[in-house]
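For reference, the chains in residue letters:
There are 2 protein chains.
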Amino acid sequence: MHQTRFFHIGGVPIGGEAPVTVQSMTNTDSRDAEATLAQVKELAAAGCDIVRLSIYDEECIKALPRIIAGSPVPLVADIHYRADLAVMAMECGIAKVRINPGNIGSADGVRKVASCAKTHHIPIRIGVNSGSIDKDILRRDGGVTARGMLDSALMHARLLENEGFHDIVLSLKASTVLTTVAAYRLAAAETDYPLHVGVTEAGLPGAGNIKSAVGIGSLLLDGIGNTVRVSLTGSPIPEAQAAIDILKAVGLRKDHVDVVSCPTCGRTGIDVAGIARRVESELSDIRIPLTVAVMGCVVNGPGEAREADIGIAGGGLSAAGGSAGGEGSSYGVGALFEKGKAPVKVEGDLAAILIARARELAKAKEEK
Amino acid sequence: MHQTRFFHIGGVPIGGEAPVTVQSMTNTDSRDAEATLAQVKELAAAGCDIVRLSIYDEECIKALPRIIAGSPVPLVADIHYRADLAVMAMECGIAKVRINPGNIGSADGVRKVASCAKTHHIPIRIGVNSGSIDKDILRRDGGVTARGMLDSALMHARLLENEGFHDIVLSLKASTVLTTVAAYRLAAAETDYPLHVGVTEAGLPGAGNIKSAVGIGSLLLDGIGNTVRVSLTGSPIPEAQAAIDILKAVGLRKDHVDVVSCPTCGRTGIDVAGIARRVESELSDIRIPLTVAVMGCVVNGPGEAREADIGIAGGGLSAAGGSAGGEGSSYGVGALFEKGKAPVKVEGDLAAILIARARELAKAKEEK
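For the record, the sequence lines run as chains A and B.
Heads up: the first sequence at position 221 corresponds to 447 in the working numbering, and the numbers run straight through without jumps.
Heads up: the second sequence at position 328 corresponds to 554 in the working numbering, and the numbers run straight through without jumps.
Heads up, a few of these hints could be off.
To be verified - As a list, the in silico DSBU-like pairs of lysine-lysine whose alpha-carbon atoms are at most 30 Å apart:
hint : chain 1 : residue 1 : chain 2 : residue 2
1    : B       : 361       : A       : 565
2    : B       : 361       : A       : 567
3    : A       : 589       : A       : 474
I should point out that these hints are in silico values taken from the structure, not numbers from a laboratory.
Model the full assembly from the supplied sequences, consistent with the hints where possible.
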């Protein structure tokens, strides 16, 4: 577990023992307050704890107060090169700034940014991507390396540390998973700054989800990462769900129904996929941890779903081998099993039976 | 890197220095030779190197010769409890058997299976899921643990080792990523058997892909895993693509076009997603490693895509801040950049320009 400094981004804690949070970034024009605010709200509704937006000129600054006032979550200003924009964004009430101090151009600019951030208790994220490694370091290493990414980030950080500023978050996103994971592992070993974790330019949903899940997920499994961003090309909204699914996968989000369902095989006699989809969608409002299993057969079903709170297995209670091939319907005979109880034979709309009983269980658990 | 034994599953090598292979399993009724063979072929076309099928009775055995004869890939028989079915499947020419010797019921059965497998050079996979841990071990540990899963697998393995049989593959799939990863890490530390890696009952595509990518991907990143299975509820076909995407993400499959595309932000002036989708689909036939970048703007574009062989960035060569918000079209002005060359201004159908040039590059690389 990577031990880090602890501070707040607006009302959201980061680092220390704080939960890992989900971030995304708007792709509207930040000069357009209404469109940007609408997307910020959409991202918050999708599960983002923090939202970033690009602030690239004075027009964006003009739109900022309206966006900040309407946002349900803390906002981060993404700024390149210009210290004056960073100071203006902080004076507007932005909760965090992403800027690389080494690119601001002057020591005076760095001083102003650090001093303003200190006054307003606004953290700064230093974000080095595989493409923004310092030129001297790139030459030293002969190309993009994890070491070079971290050294670049630490070079930027030093400029802030020299001003007595330490509420720093680092990100080290490469476009390959291997370099990304190596860079964050180095950072976790060598610094105590909270880490914003992601794979940059992961690509389109599909392969991009997989890249992000491997990169972010493997770091989180090792206790590395304090806030995460899945970067997908296109609408940012699916990024939130993908990030939440990664947090669920590594056990960092438990307040939901986890559907465990078998891949089906020649023994399957019921519509496992259809039942699992109904369970997933009809129980999506439940906010306590509950594992619900949908298994194709009673041969392995109840056994394989041992960790589930409740589950259903197709095909009655006979332990004989399979019979029907492929997939059947939601109507039929099944075995309903609950933790610590003997399985019970059920008949009818298996999905409805399972969902109703799972909801009762959730209610009972909630009342405890 | 986990050092393992090396042998073959039919013509496909496993373990040692062999490449990591992709597996899936049919969900047709294995008694139905035509339907099963059709799905085996579909899985092979989708990229599966090895396909498993459930063999649960004598009717399945009858269908087996026809399926084996028509299959373009080695097949694995998934068998529970019955040594006689395992022996019959091996005599039909199956390339591998998945069976847990401790559940066969008799020492004589184990002897027959081991002897037949030895004669025909057929490896055996021992597959312990979180639900099939030995009852005594489950009691010892008070529940499902990674240790318990491995100990159960080793108990089964010992029965084969006692017969002088060592062409063993182990799998230790739990339905949670945490237990899965912990179990395989233990196995890699303590045994030299090749490992078949997967998260069992990962659920529906979407969250199931994410669970599998985190679990399988993080193990592969650490050099653990010799063959992989993504288990998704529903059709097995998408499992192959998900598995291949995981292998690509960790750098184990490189013979393809890797599309690196930015998540777009307020600076984006071109249709990044549309161009990326066209690049991905129109260049999907290329079988050499080529990284193609699609970036929204020239501010970060070429720099962030430094590792790409070729790429395009929207908005011409001016390095000014963003202008248009949201997404535009594929037609417009952009900067085409290639490794080691100065960017060139291009105008027109940016996707078509990029695709044509990438294809030329691929051809030149191939001819080298």
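Could you tell me which of the hints above the structure violates, numbers in ascending order?
Of the numbered hints given earlier, the structure breaks none, since each of them holds.
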